[in-house]
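Number of protein chains: 2
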Amino acid sequence: MTGGVNGDGRPIGVALLGAGVVGSQVVRLLTEQADELAHRVGAPLHLVGVAVRRPQRHPDVPAELLTTDAAGLVTREDVDVVVEVIGGIDPVRGLLLTALKNGKSVVSANKALLAEDGAALAAAADESGADLYYEASVAGAIPLLRPIQQSLAGDRIVRIAGIVNGTTNFILSAMASSGANYTEALEEAGRLGYAEADPTADVDGYDAASKAAILASLAFHTRVTADDVHREGIRDVTAADIAAARALGCTIKLLAICEQVDDSVSARVHPAMIPRSHPLASVSDAYNAVFIEAAAAGQLMFYGQGAGGPQTASAVLGDLVAAARNRVIGGRGPRDSAYADLPVLAMGDTRTRYHVALDVTDRAGVLAQVAGVFAEHGVSIATVRQEGRGGSSGEGDADDGAPGPKDATLVIVTHSAPDAALAATVEALTGLDSVRGVAGVLRVEGLGRPVTELGGGS
Amino acid sequence: MTGGVNGDGRPIGVALLGAGVVGSQVVRLLTEQADELAHRVGAPLHLVGVAVRRPQRHPDVPAELLTTDAAGLVTREDVDVVVEVIGGIDPVRGLLLTALKNGKSVVSANKALLAEDGAALAAAADESGADLYYEASVAGAIPLLRPIQQSLAGDRIVRIAGIVNGTTNFILSAMASSGANYTEALEEAGRLGYAEADPTADVDGYDAASKAAILASLAFHTRVTADDVHREGIRDVTAADIAAARALGCTIKLLAICEQVDDSVSARVHPAMIPRSHPLASVSDAYNAVFIEAAAAGQLMFYGQGAGGPQTASAVLGDLVAAARNRVIGGRGPRDSAYADLPVLAMGDTRTRYHVALDVTDRAGVLAQVAGVFAEHGVSIATVRQEGRGGSSGEGDADDGAPGPKDATLVIVTHSAPDAALAATVEALTGLDSVRGVAGVLRVEGLGRPVTELGGGS
Chain A
1 MTGGVNGDGR PIGVALLGAG VVGSQVVRLL TEQADELAHR VGAPLHLVGV AVRRPQRHPD
61 VPAELLTTDA AGLVTREDVD VVVEVIGGID PVRGLLLTAL KNGKSVVSAN KALLAEDGAA
121 LAAAADESGA DLYYEASVAG AIPLLRPIQQ SLAGDRIVRI AGIVNGTTNF ILSAMASSGA
181 NYTEALEEAG RLGYAEADPT ADVDGYDAAS KAAILASLAF HTRVTADDVH REGIRDVTAA
241 DIAAARALGC TIKLLAICEQ VDDSVSARVH PAMIPRSHPL ASVSDAYNAV FIEAAAAGQL
301 MFYGQGAGGP QTASAVLGDL VAAARNRVIG GRGPRDSAYA DLPVLAMGDT RTRYHVALDV
361 TDRAGVLAQV AGVFAEHGVS IATVRQEGRG GSSGEGDADD GAPGPKDATL VIVTHSAPDA
421 ALAATVEALT GLDSVRGVAG VLRVEGLGRP VTELGGGS
Chain B
1 MTGGVNGDGR PIGVALLGAG VVGSQVVRLL TEQADELAHR VGAPLHLVGV AVRRPQRHPD
61 VPAELLTTDA AGLVTREDVD VVVEVIGGID PVRGLLLTAL KNGKSVVSAN KALLAEDGAA
121 LAAAADESGA DLYYEASVAG AIPLLRPIQQ SLAGDRIVRI AGIVNGTTNF ILSAMASSGA
181 NYTEALEEAG RLGYAEADPT ADVDGYDAAS KAAILASLAF HTRVTADDVH REGIRDVTAA
241 DIAAARALGC TIKLLAICEQ VDDSVSARVH PAMIPRSHPL ASVSDAYNAV FIEAAAAGQL
301 MFYGQGAGGP QTASAVLGDL VAAARNRVIG GRGPRDSAYA DLPVLAMGDT RTRYHVALDV
361 TDRAGVLAQV AGVFAEHGVS IATVRQEGRG GSSGEGDADD GAPGPKDATL VIVTHSAPDA
421 ALAATVEALT GLDSVRGVAG VLRVEGLGRP VTELGGGS
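Note that the protein sequences, when read in sequence, are chains A and B. Going by full-length UniProt numbering, the first residue of the first sequence is number 1, and it counts up by one from there. Going by full-length UniProt numbering, the first residue of the second sequence is number 1, and it counts up by one from there.
Hints listed in this document are in silico derivations from the structure and should not be mistaken for laboratory results. Given the structure is predicted, the values throughout are model-derived calculations rather than measurements. Using N, Cα and C, we set each Cβ at its ideal position, and we do this for glycine too. You may find that some hints are simply not true.
To be verified - Covered stretches of chain B (in silico footprint by chain A; criterion: 3 or more residues with CB under 8 angstroms from a CB of chain A, positions within the stretch not fixed):
#1 33 to 47
#2 133 to 145
#3 148 to 154
#4 287 to 297
#5 309 to 317
Claimed, not checked - So these bits of chain B aren't anywhere near chain A, every CB distance computed over 12 angstroms:
#6 Q56
#7 H58
#8 D69
#9 R93
#10 R231
#11 D262
#12 G304
#13 Q369
#14 V438
All chains should be built: construct the whole structure from the sequences, respecting the hints.
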């Protein structure tokens with residue numbers, strides 16, 4: 001039988017769904033490392049079938065393994081573990097639910113599905129006693145979910161902040177190093193294979209939001225879906241923003257941030273300025289890095305390659321060994337637990353800090369007027385710097401053409417305040433007659449560093 | 001019964017051996033997080049006893065739990081898991097073997113014991129089907145053993161290189177930042193609580209060697225003991241060495257390095273120059289960081305606090321939750337596997353690179369003579385720089401008093417060669433009449449970076 005414990009030394013049957021960039025590497029590693037994997041599992045791993053849409057496109061997979069009948073494959077008697085590297089919500093959801101209901105363990109790299117409907121998958125796994133592993137869904141090769149679920153199981157995680165999307169990190173790194181604008185950097189990313197033809201999932205933050213939902217769910221024992229995650233992408237980050245960050249001793253990164261605040265959970269994805277002295281600031285190109293802060297363990301950082309065929313396959317195979325080993329010796333991997341069931345904090349109620357650059361008329365009383373608007377909204381200012389107007393105003397600035405000789409730029413960094421108060425402040429500032437335009441607004445993450453590190457010029 | 005699976009919802013009995021810096025934090029976290037831990041385990045954790053030598057010294061532990069009879073505690077019927085945070089080889093070895101033979105699972109933070117006699121503990125665990133976890137034995141709070149054993153179970157680890165001892169890292173950081181010599185920096189470490197009254201285990205590399213043995217054993221599926229690890233400490237690192245490293249764009253760190261070289265394992269602990277651009281170079285004070293390179297996953301880095309009561313207790317509790325959960329639902333954690341059983345390479349056969357600073361007589365032909373000695377030993381030179389004699393010769397240099405006006409320093413960095421050939425080269429150089437003394441010898445680790453990063457001045 002397929003759903004029970006394999007105690008008789010027979011091979012563990014593996015079904016693979018998908019044979020693309022990751023799947024072909026899974027096949028390669030299963031073949032090349034067959035002996036070692038058998039030692040680690042306690043029984044040989046036997047690849048019984050590979051479901052693909054167009055068999056003729058996969059000459060590297062033995063022809064007799066290829067099938068277009070994924071639904072038939074996941075219920076085969078000789079399948080113990082289903083490995084899914086197709087991606088997307090449907091038809092994968094139905095296939096994996098069927099597999100779990102039939103007692104097959106599932107290993108998935110599918111962040112979108114896990115972030116949208118992880119609860120249904122977890123429930124199906126619990127019902128049949130099968131395993132559900134998905135280490136590869138977040139940060140590729142970097143061991144992250146297992147440390148959160150298991151290594152830190154005796155601790156209290158308070159915050160996760162990280163760079164979990166390689167495409168946007170490549171684009172922001174390119175903008176910072178070359179001065180390129182967003183469109184130029186995106187084109188370069190596409191040329192080098194770091195961005196897909198349709199980059200929406202990456203640049204608009206959907207990919208990072210799915211990962212944030214998965215991380216927050218595991219860290220805070222609360223079901224958080226991608227829809228619960230506040231999401232802003234990097235399309236609006238300008239070369240002027242990058243320059244403004246540099247002037248503050250900062251760099252801009254797209255961050256996924258998950259926090260427990262009192263008895264609520266906050267999960268968000270947005271670009272933010274971080275101090276250049278912070279370890280995340282030096283994570284460049286397509287690398288990923290994630291900070292985890294726990295009450296007893298303190299700050300931990302995990303760093304590595306967040307994407308790529310072999311890298312993602314490494315994480316998939318680690319899960320496959322665990323699931324297969326549980327078939328051999330009994331027991332189950334960690335269950336998704338949602339016992340804490342905390343409410344998700346709205347973005348407006350989440351405390352953040354803003355960097356605001358204002359193009360203002362350079363006359364007496366302007367700063368007092370601007371500061372008054374901040375005060376009215378209960379927002380405390382950390383630093384203000386006044387600059388003569390250079391050429392650094394935002395691309396969308398209507399005044400770009402002919403700034404008067406009496407213009408100046410005010411660069412303001414706030415202390416932390418509810419995000420809604422900060423947004424309302426910026427909105428109110430645009431109504432002042434002395435404010436000619438908002439040249440840039442970005443959140444600032446000190447990431448635990450003292451505020452003083454954010455002051456001063458470059 | 002204590003050795004079997006607890007399927008009836010009764011509490012999991014925990015015995016704690018030791019209530020010092022780590023043990024007292026284990027008691028605190030078990031108490032404060034009781035509800036959350038019960039959710040994660042599936043049953044309450046019940047602390048049934050705490051074995052200490054002098055009960056009156058532990059007013060923070062409930063008096064009725066304290067006992068001096070550790071041997072009696074580890075065999076009690078109501079104990080499922082024994083948590084050991086005493087440290088040292090004996091009498092702990094006997095206590096843990098007894099516990100395992102009686103079917104109790106063991107969680108230990110004891111690097112010395114695991115590195116010396118892990119095989120006996122693993123065998124005892126296998127025999128009774130109990131668990132043996134020891135995440136806290138290496139790098140404190142940083143999840144490291146679980147990623148190596150489980151997350152990377154489907155990959156092939158080729159190299160581990162890291163900073164795994166906080167005391168020596170603090171001392172070397174202090175020397176680099178203040179120019180202090182070794183003795184001054186050690187005293188400062190002692191004053192601030194980073195070094196023990198007898199710092200031998202740290203500064204002579206015993207602690208790091210134990211950790212290297214544990215890491216190499218798990219990574220390469222081969223039993224490696226502390227005695228197999230080549231070990232050099234930091235007592236001989238001079239302020240001149242630090243300055244020489246800086247001139248090469250490097251910094252000096254005590255590294256633990258474990259490699260698979262062809263069909264052998266190499267494990268070593270020694271100070272080494274590493275490029276200042278490498279992420280390990282910026283790991284300062286008492287922090288730990290470990291790089292793992294795997295065939296498919298590529299380079300991964302793990303960073304965090306390697307010591308401290310709460311930090312180490314976090315790792316201990318993660319293991320305790322895993323062991324307790326296995327009691328509740330059945331199954332076992334990963335076994336230590338030594339199926340590969342690779343031979344350990346002698347240090348002399350391990351390929352390394354040297355930095356050699358020679359005080360030489362400044363006359364024609366000296367460089368040719370020196371280069372000839374390298375060539376005779378089959379050692380290829382990467383860079384040579386000749387410097388006028390400053391005040392930077394080694395502390396032990398007999399010529400220190402009155403250098404002649406015609407002296408110079410040759411700074412040589414080699415390409416990689418067998419360590420024995422490099423050592424023999426240095427020995428032969430001291431026999432040249434033009435060489436007045438060896439001002440410094442240190443290994444250089446490029447850590448995968450191109451050689452060019454090591455060339456040039458500061």
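Here is how each hint holds up against the structure:
1. 33 to 47: holds (count 5)
2. 133 to 145: With 4 residues closer than 8 angstroms to chain A, the segment 133 to 145 of chain B meets the three-residue bar; holds.
3. 148 to 154: holds (count 5)
4. 287 to 297: holds (count 4)
5. 309 to 317: holds (count 7)
6. Q56: holds, 27 angstroms
7. H58: Correct as stated: the minimum Cβ-Cβ distance to chain A is 20 angstroms, above 12 angstroms.
8. D69: Given that every Cβ of chain A is farther than 12 angstroms from that of D69 of chain B, nearest at about 26 angstroms, it holds.
9. R93: holds, 25 angstroms
10. R231: holds, 27 angstroms
11. D262: holds, 16 angstroms
12. G304: violated, 4 angstroms
13. Q369: holds, 44 angstroms
14. V438: Since the minimum Cβ distance to chain A is about 36 angstroms, V438 of chain B lies beyond 12 angstroms and the statement holds.
This entry does not satisfy hint 12, going by the numbered hints stated previously; all others are met.
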